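Chemist: These protein sequence lines are chains A and B, in that order.
Each residue of the first sequence is one higher than the one before, starting from 1 at the first, in our numbering.
Each residue of the second sequence is one higher than the one before, starting from 1 at the first, in our numbering.
Incorrect hints may appear among the rest.
So the derived label-pair ranges between C-beta atoms look like this [said to hold, decoys possible]:
#	chain 1	residue 1	chain 2	residue 2	range
1	A	K114	B	E287	36 to 42 Å
2	B	H216	A	T115	32 to 38 Å
3	A	I295	B	C76	15 to 21 Å
4	B	N188	A	M184	38 to 44 Å
5	B	S141	A	I49	56 to 62 Å
6	B	Q173	A	T42	51 to 57 Å
7	B	L222	A	V292	28 to 34 Å
8	B	E122	A	I38	53 to 59 Å
9	B	S141	A	T115	16 to 22 Å
10	B	E33	A	G298	29 to 35 Å
Output of the computed footprint for chain B on chain A, the stretches with three or more beta carbons under 8 Å from beta carbons of chain B [as the list claims (entries may be wrong)]:
#	stretch
11	107 to 121
12	152 to 159
These are computed hints drawn from the structure, not numbers from a lab.
Quantities reported herein were computed from a predicted structural model and do not represent experimental measurements.
The beta-carbon is built from N, C-alpha and C at its ideal position, and this holds for glycine as well.
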Amino acid sequence: MNKNLYDLLYLIKRNIKMYFKDKGTFFVSLITPAILLILFVTFLRSVYISSLNSFIPDGVNISSRVIDGFTAGWLVSSILATSCITIAFCSNTIIIADKANGIVDDILVTPVKKTILSLSYLISNLITTLIVCFSCLVLGLGYIALTGWYLSLNDVLMIIANTFLLTLFGSLLATIIESFIKSMGAGTALSTLISSMYGFLCGAYMPISQFADAIQTFIKFLPGTYGTILFRHYFVRGAMEKLAEQLPSEAMDGLGVGFDTKISFFGNEVSNGTSFLVVGLTVLALLMTYIVIVIVRGQGKKKVHQTTNTEVTQP
Amino acid sequence: MDKVERNIIEVKHLKKYFGQVKAVDDISFCVKEGELFAFLGLNGAGKSTTINVIAGILQKDSGTVLIDGIDIDTHCEETKTKVGIVFQNSVLDKKLTAYDNLSLKAALYGIRGKEFLERLKELSDLLELEPLLKKTLEKMSGGQRRRIDIARALIHRPKILILDEPTTGLDPQTRIMVWSCLNKLKDNKEVTIFLTTHYMEEANNADFVVILDSGHVVADDLPNHLKNKYAHDFLKIYDKSPELIEILTKEKMKFIEKDDFIRVQVKSVEQGKEFIIAHPTLFKDVELFKGTMDEVFLNVTGKSLPGGPINE
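Start from the sequences and build out the full structure, keeping to the hints where you can.
Modeler: In structure tokens form, the structure reads like this:
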């Protein structure tokens, strides 16, 4: 096997091992999903249910399993939408720790290319985030199955595709931003800020439709929002179909907007295909940015050298 | 000592500036194969900058650095395999075991599988690593961690072992342990040891010393030659008597009175010997010392090194 590939594999293995062995970093990265779970158990579930009931006309009797399936789908979509980003940021603090602790120097004294080291951080971050997010997904799907399963195979496949896409988005964003940070203090501050803010920004704690118009407009310019909307759509689509059998179309439209399963951008409804395209193109743009940064940094180190032929000897 | 002629490191007109700060400003020196070379200087003198350039971590501004005759500019990957470095602070992954740390670093040099296990066995025998291999670094003492640092630096059989202030901040017992490891390596003559330090007794052990001050080489020679050039030999006389002080004053010899001895400066060991022989009745308890590296450093740079003189 090619030496660069070997180096890449060993460094990825090391980075992943470091993330799972460092219990502090591991548990900090799970704070956002944990907060969501606690909020859901304590009051969010009842808020969702009462909000859902407000769309149901008097005299219509909806099965509690459909309502539970809907709220469970909403919870799991929130957890995944935040985890793909927050876990990527938290697990990527190894980039900063390696710089702050001089470990990068120790790696760069070996014949490893700097680009390989940079790539190892991105790939290991992607793998760790995917491991955690897919674990959340499996647990979430299990929970939905227990409460009320209305998902089709296509829904599950789209959820998996979106998890992968959003994780790629999160990992690239985290790797690019954190590669500029040199102190652990700044890194911890950033991951804490992202962990606490992102839940609000992507509408995980409360639907985007409940924010003020200006904030809603701002949120609609964030590419991650479209990943969240996709999760929302595919997680509750089946339950909404069930609801549509008993509810009028006006109530369903209100429900769709009220629970973020559909989103409009300056009056135009954004389709699922467009949402995938927005996230996909953002990933592509971030990937190009990452490549440019790696190339520029690599070239920055190559300077013209002067050679002298002076004899130097010891006495 | 065997005469070794071949230069393993040649640094010519090396410059490295950080903005307005001239960290290393046109320095030249060479290190001979198999020797223990000491780079002496205060913090900020340019020691770490120089070794970071040699190790390929830092890009120099100008000058030439040859490692085993190979230019680091054109064959950096090749020269990196010839250099092992022990950083001032341990830079290994503390959450991982010593084995994991060593196997990762070996893999980055292309040493894997059976080849790694064989090398690990050699280093375990040399540095007594066996009981430490399954321990995580965070559970080790400073001395144990230092042994792993040295093993990590030697894992790829480098020709040059660079140690950046390896004993700074360590307790005396651990310092002795580190030096016992280095002496074993020196005795094996398999590796050239390039040491940066500000401890005088460590510089005393070196085969060759370069003193760096504010990015410049201010002196370079064998420790003995440096002492002859820049330091004074002295007698430490423990029998203080008015007669002795009278003779010293009469012969216009420089001396300092301490609580329980008199320190008399002599031009050479020979003069000290002659003085003792000329006044046999005056001396019952006397020691003759070579000048110290502290004095050398003080006289060359005008600055004192931390740690202080060892024979005072």
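Chemist: Now look at each hint and say whether the structure bears it out.
Modeler: How the hints compare with the structure:
1. One distance hint, 36 to 42 Å for the beta-carbon pair K114 (chain A) and E287 (chain B), is violated here, with the actual separation near 56 Å.
2. In this structure, H216 (chain B) and T115 (chain A) meet the distance hint of 32 to 38 Å, their C-beta atoms being roughly 36 Å apart.
3. Look at I295 (chain A) against C76 (chain B): about 18 Å separates their beta carbons, and that is inside 15 to 21 Å.
4. Checked against the given bound of 38 to 44 Å, the beta carbons of N188 (chain B) and M184 (chain A), roughly 39 Å apart, stay inside it.
5. A C-beta distance of roughly 58 Å is found between S141 (chain B) and I49 (chain A), which places it inside the suggested range of 56 to 62 Å.
6. Between Q173 (chain B) and T42 (chain A) the beta carbon distance is about 56 Å. The supplied range of 51 to 57 Å therefore holds.
7. As the Cβ distance of L222 (chain B) to V292 (chain A) is approximately 52 Å, the hint placing it in 28 to 34 Å is violated.
8. As the Cβ distance of E122 (chain B) to I38 (chain A) is approximately 54 Å, the hint placing it in 53 to 59 Å holds.
9. At roughly 37 Å, the beta carbons of S141 (chain B) and T115 (chain A) sit outside the given window of 16 to 22 Å.
10. In this structure, E33 (chain B) and G298 (chain A) meet the distance hint of 29 to 35 Å, their C-beta atoms being roughly 33 Å apart.
11. Counting residues of the stretch 107 to 121 of chain A whose CB falls under 8 Å from any CB of chain B gives 6; the rule of at least 3 is met.
12. For a cut-off of 8 Å, the count of residues in the stretch 152 to 159 of chain A with a CB near a CB of chain B stands at 0, and the three-residue condition is violated.
When held up to the earlier numbered hints, the structure conflicts with 1, 7, 9 and 12 and fits the remainder.
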